[in-house]
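Colleague: One letter stands for each residue in the lines below.
Protein chains: 2
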Amino acid sequence: MALVKVYITLKPTLLDAQGRVVQNALASMGYDGVKQVRVGKYLEMQLDGEGDTLRKQVAEMCDRLLANPVIENYRFEVGE
Amino acid sequence: MALVKVYITLKPTLLDAQGRVVQNALASMGYDGVKQVRVGKYLEMQLDGEGDTLRKQVAEMCDRLLANPVIENYRFEVGE
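Those protein sequences? They're chains A and B, same order as listed. For the first sequence, counting from 1, position 28 maps to 28 in the numbering used here; every step adds exactly one. For the second sequence, counting from 1, position 16 maps to 16 in the numbering used here; every step adds exactly one.
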């Protein structure tokens, strides 16, 4: 059983409207040192498997369901 | 200027409905080795400041706006 942590972020060239809203909200609360906010997704998955087979399967899950490869990047870490 | 990465997750005792939906979707696609999925948020922020002052400010932002301390846990990393 492996614990996989997946980080999904909007591609850097795209405007992150949600991040902009958070940044403005923080600024209105007095945190004006915040220059940029980008909001992404974070998933923790428990799954069977290990090694390269597991990594390949997780990459496939990201491409097919978890992330939108057109507008998002992803990376993941496999732990025990 | 520091790059801060914030990870926000639902508290472990709470049912993660969104995670359950993702898990079911993965199972229906044939990935039945997935035993649990929990969905959280991931934020990247560029902000001024450094050291303990910065860490304190980020914790305050999480408590006040970014996370809901009643149902969510957060952790963050400060990079350069």
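Where hints are given, some of them may not hold.
The list treats identical chains as interchangeable, and a pair is accepted whether it falls inside one copy or across any two copies.
Derived pair list, reagent style PhoX-like, types lysine-lysine, alpha-carbon separation capped at 25 angstroms [to be verified]:
no.: 1; residue 1: K56; residue 2: K35
no.: 2; residue 1: K41; residue 2: K56
no.: 3; residue 1: K5; residue 2: K41
no.: 4; residue 1: K35; residue 2: K11
no.: 5; residue 1: K11; residue 2: K56
What the hints contain is simulated information worked out from the structure, not anything from laboratory work.
Colleague: Run every hint past the structure and note whether it holds.
Modeller: Hints, verified against the model:
no. : hint      : in the structure
1   : K56 / K35 : between (36 angstroms within a copy, 17 angstroms between copies)
2   : K41 / K56 : both (20 angstroms within a copy, 24 angstroms between copies)
3   : K5 / K41  : both (11 angstroms within a copy, 12 angstroms between copies)
4   : K35 / K11 : within (18 angstroms within a copy, 29 angstroms between copies)
5   : K11 / K56 : within (22 angstroms within a copy, 29 angstroms between copies)
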